[in-house]
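Colleague: The primary structure of each chain is shown beneath.
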Amino acid sequence: MDALNDLFLPPAKSTLASQTDTLFWFVHLSSLALTIGLIAVIVYFVYKYRRKSEDEVTPLITHNNKLEVTWSVIPLILVLIVFGWGYQVFMNQRVVPDDAYEVNVTAQKWIWQFQYENGARTTGELHVPAGRPIKLVMSSNDVIHSFFVPDYRLKQDVVPGRYTEMWFNAPDPGESIVYCTEYCGTDHSNMLANIIVHEQDDFENWLAENAGGASKPDDMPPAEWGKQIAQEYACSTCHSADGSQMVGPTWKGTFGSEEPLADGSTVTVDENYIRESILEPNAKVVEGYPAVMNTYQGQLNDEQINAIIEYIKTLK
Amino acid sequence: MANHSSSASESRFMQHHFVDADQQFDAAKMGMWIFLVTEILFFGGLFAAYVVYRLWYPELFTLASEELNTLWGGVNTVVLIGSSLTVAMAIKSAQLNQKKNIAINLGITLALAGVFMVIKYFEWTHKFHLGIFPGEFYSFEGIDHPKANIFFSLYYLMTGLHGIHVVIGMGLMAWLLWRSLKGHFNSEYYTPVEITGLYWHLVDIIWIFLFPLFYLID
Amino acid sequence: MDTAESSSTLNKIQVQRFKPDDNPDKHYLNEETGLWSWLTTVDHKKIGIMYLASITFFFFIGGLMALLVRTELWTPAKTFIEANTYNQLFTLHGAVMIFLFLVPSVPAALGNFILPLQLGAKDVAFPRLNLLSYYLYLAGSFIAVYAIFSGGIDTGWTFYTPYSSSTGGAVTTMTFGVFVIGFSSILTGVNFITTIHKMRAPGLTWDKLPLFCWGLYATSIIQILATPVLAITLALVAMERILGIGIFDPALGGDPVLYQHFFWFYSHPAVYIMIVPGFGVVSEIISTFSKKHIFGYWAIALSSLAIAFIGFLVWGHHMFVSGQATLASMVFSFLTFLVGIPTGIKMFNWTATLYKGSIKLASPLLYIFGFFFLFLVGGLTGIVLGSIALDVHLHDTYYVVAHFHFVMVGGMVMAFLAGLHYWWPKITGKMYNETMAKIACGIIFVGFNVTFLPQFVMGSQGMPRRYFNYIEQFQPFHQVSTIGSYILGLGFLMVFYYLVKSIYRGKQAPANPWGSRALEWQISAMPPLHNFHHTPVIINGPYDYHKPMEEFQLGLAESGNGHGHDVEVTKEGEDLSAE
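Residue numbers (my numbering), protein chains in the order written: chain A, 1 to 316; chain B, 1 to 218; chain C, 1 to 579.
Here chain A stands alone, though its shape is the one from the complex (with noise of 0.2 angstroms):
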C-alpha cells in the first residue's frame, strides 16, 4: 500500500494531507471495486449470450422496479459519503486557525513574491516556521494565477482586485514545491517557488536578518548583487543576457545605445532609462515588442533598481 501510494501521490507534508489521502483511496478503491465488477458482468454476459444462430429470440424484458431502484439508491448513498466526507475535508482546508502566522503573497508574471510582518521580502522562497499554522493572503497583480503546492494537496486561485487566502501547518523543516496551475502565459511553466519550512528557532533568526526588506550583502559588488535580484525577479525570463531573443529586449549591449520606440520616436538607452522602464514599463516601449511588462513600484527598492543598472552596464 505504501509502494503504491508512493507511486500516486507526492509525500504528505502538512498536517490535512493525510485526511486528503484517504479520501483519495476510498473513491478509488471503491471506482475500481464497481469497475471490475462491471466489466466481469458485461465480460461475462457477452460471452454466455453470444449468438449461436441467427434466428435466436430473446425474451422480452422491459424493466424491473426494485433492481433500478437498487442500482439508483446504492450509488446515491455512495455519493452521497463522498460528497460529505470531501466537504468536511474542505472545511478543515478552509477554516484557518486563530494564532495562524501570516505571510502576503503576491503573484505576477511569472514569479511569486512573500511579504513578511517585519518587512522582509523574498521572491521564488517562501520561508515558514515548522508546526506552526501559516495563513497566507494572496492577490495578483496582472491575471488569475494559482498557487498549488502538492505535498500539502492545496491549491487556491490568486486572483487580480481581491485577497484569497490558505493555510497550512507543515510539521517537518523541509522543502516543497509551488507551482502555478493557472494558465498565464509565456513562462507559465516556469512560475515556481520553494516553500522552505524551517525550525521555529532558525525562522526567527532568518526573518531578523532579512528584516526591512534586501540590502546589499557587505562584500558583494553591486553588479553582481544586480545580477542576483535579476534572477530572483525573473527579469531574465524575459530580458536575455547574452543577447538571445526573448519576450523583451536582451540586456546585452543595450547601455548606450539608441533604441527604436514604438511610437516612431527613439531613445537613449541611460541611467534614467532603465530606471523609468523598470517602475513604468509601459511609458517608452522598444518598437517591436509588447507592453506586457509589470511595474516594479514598491517592489524594487532604489539600492535595488541602482544594482541592476550596474549588472546591465556590465552587459557589453
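Calculated from the structure, these hints are not laboratory results. The beta carbon of each residue, even a glycine, is placed where N, CA and C say it ideally should be. Heads up, some of the hints might be wrong.
Stated by the list, open to error - Derived list of chain C stretches under chain A, where covered just means 3 residues or more per stretch with a C-beta under 8 angstroms from a C-beta of chain A:
{"no.": "1", "region": "23 to 30"}
{"no.": "2", "region": "166 to 175"}
{"no.": "3", "region": "347 to 355"}
{"no.": "4", "region": "370 to 383"}
Starting from the known structure of chain A, fit chains B and C onto it as the hints suggest.
Modeller: Okay, now just chains B and C, sitting in the frame of chain A:
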C-alpha cells in the same frame, strides 16, 4: 390557431416535406418560440451582469441613471408598444383576409421602429458629446463615482444589442411589407407575419425591461 | 401543442407492408448530382454528410496539434518548439476539438442523417435553416482558422479573463468564430426540437421514440439554453478587448471570476452536448446487437433529460479553488454528485440489456464496449473531482486532463465511431472490412489507455496542466503518454483508411445488415431522396425484438397522410391496433 383548410392557395408556399399546411404552420411557430427562448438567454447573460454590478455598486446605478433622459426613454417605450400593437393588427388583418390592411399595419410598424432608432441615435450621440463612452474611453466628469464607466458599459451593451435586434426586425418588416404588397399573404397563409410578430413582441418586451432598469432608478 | 389535431376522431387507417429493396437504382445520392446539388441541397442526409466530412477534417487538424503537443513534452525542457508556439497549439487543439469537432459530431453529422429517418419524416422541420446552420458552422470554422494564421491564440480554449483581454494575438477573431459556430449550434437545436415534436410519423408516440432521438432531444435543449450564454460571454470578451468595457477587468472595476461563472454556465452543459447524444448511440447499438428490448426504456430516456437539466446547475464545480464562497462550492459539489446518478443508471441499464440477449460482437458493439470501459473510468474519476477536498488537490493538473479525455474521447469519440460504423451501410450503402474495424478498435483502445492512464498518475503527483516545462520526475510518464498518442493516431488513421476504401471497394450493403427493428433500417440501403416512398406507420416500439420484422415495415395503404390521427391499424382484415 388558424383554421387552415385544403385549398389551392396553400400549395404555393407549402414545402414538400410537410404533410399539410397545418403541420408547416405549427412547426414554424414552435421553431420561433424555441428561438425566442434562446434570445432570452442571450440577453439573460447581460441581465445577470447587470444584477451583479447593481448589487455591488447600488449607489452608482442611482447616480448614473440621472444622466439618462427619462422623457425620451418613455417616448421610445410608447413607440415600441405601439409597434407591437400594429404587428398584432397586421396578423389580425391577415386572418380576416384584409390584404391591404396587412401592408398598412406592417408599414406603420416599420415607421415606428424607425422612430425608435432615431431617438436612440440622438440619445447616444448626446452622450458621446459629453464624453460618456463605454469602458476605458469614458471621460465624463459629471458623475461622482469611480466606476461610472461600468454602468455605461452595460447601458451601451444592452441598449446596443437591443438596437441590433430592432434593426434586424426592421429588415424583416421591410421584407414582409414587400411580400404583402405582392399579395403573398392571406387568411390561408401568413406564417411569416405570425412568426415575425412573435419576434417583434420579444424585442418589445426586452425594451420594457431595459427601460426601468436603466432610466427609472431612484 | 397538438391540441387541435389530436382531438380529432379516432380513424381506422389501412396499412400495408412495404418491404424495402436492398439496392434500388435510385437513391439520395444519384437523383441529384453535381457540386451545385451539394452546395444548395436542403436534404438532411447530404447536409449530414457535409458535416461528417468537415468534422473529420477538423478532427485530424486537432489531432495533429495534439501530437505536436505530446511530442514537445517528450523532454522536460524545450524539445522542438518555443513556449509560445506550444501555448498556441494546446489552445487550438482544445478549441478545434471542442467547437469544430465534438459539439457538431454526433448531433450535426449523424443526427442530421438519422433523426428524420428514425422519425419517419421526409426531412427536418426547417431544411433551409439546416443548410444555413451548416454554412454558419463552415463560416465560423474559417474565421477560427483565419485566427490561427493571423496571430494565433494562446489563452487556452477557456478564454479566461483578464488573461484573454490582455494577451496579444487574434483572440477577438477567434471569439467571433466561436460566436458564429454557436449560432449554428443553436439553430440545429431549434430545428431538432421542432422536428421531434412535429414531424413524427403516424403512430410514433413519445413512448415509441428511439433512444437516439431522446438523446438528441436532450442535447438540443442544452444547445438552445446554454449556447446563447456562451455567445454573449464571448461577445463581452471581444468588447473587453475592443472597447475596454471593464465588465471582467479588475482594473476598471470588473470581476474576472464573473467571467468564469458565465463561461462555465455554458461550458459545463456543453460537456453534456458532447456526451448525451453518444448515450443515444449506445442504446441503439446495444439493443440491435443483442437483439433484445432495451432494459429500462424510460429510465434511459428520462435520465438523459435529467442530465440535461441538472447539468445546468453544476457549473461552479469548475471553480472550487477560484475564490467562490464556500457555501456555493458545497452546493455545486452536491449537485455534481446528483448528475452521477442518472449516468450510473444508464450504465446499469445497458448492462442489463445484454442479459439473455443474442449478442453478436460486431465492430459497432466492440466500439461500444470500448466506450463502456473508458466512459466508466471517465465518469468515476469525475466523482473523484466532484469531491471538493480532492478537487482542491487535483484541479488543473493532468488528472483533470485525463478525466475529460476519458469522457470526451473515450466516451464521445468511441460512441461516435460506434455510430459511424453502425450507420455506415445506411449512409454509403457499403460494408467496410470487419476485421480491420476490429483491429482498429483494439489499437485505439490500447493507444488511448497508454496515452491517458499515466496522466492520472502524473496528475495525482501534482503535474499541472498547460505546462511547457516540467520537473524531471514526470518524464517517464510523459514519454509513455506520448508513445500512446502515436498509437492512438495510427488507430484513427486506420479507421479513416478502411472506411474511405469501403466507399470504392466495399461490398454492397443490404437494407438492414444488423437485423434492427428501428425505422431507419426499414428502407433501402441508401435511402431514397425523400426517405420514404410511403408514409410509414408505427405500431411497435423500436426495440420490440419479440415481434416479427414485417410489423415494422408498415405504411399507409392509401393516399392521405394519417397525421393527426390516433392509430388503430387494420391489416388484411385482422386487428393490429396499438394500444
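Colleague: All hints are to be evaluated individually against the structure, with a verdict given for each.
Modeller: Going down the list of hints, with the structure as the test:
Proximity of the region 23 to 30 of chain C to chain A, defined as three or more residues with a beta carbon under 8 angstroms from a beta carbon of that chain, is not established by the 0 residues found. Counting residues of the region 166 to 175 of chain C whose beta carbon lies closer than 8 angstroms to any beta carbon of chain A gives 3, which meets the minimum of three for the stated coverage. Coverage of the region 347 to 355 of chain C by chain A holds. Counting CB-CB distances below 8 angstroms, 7 residues qualify, and the rule asks for three or more. Interface restraint, the region 370 to 383 of chain C with chain A: holds (7 residues with C-beta to C-beta distance below 8 angstroms; minimum three).
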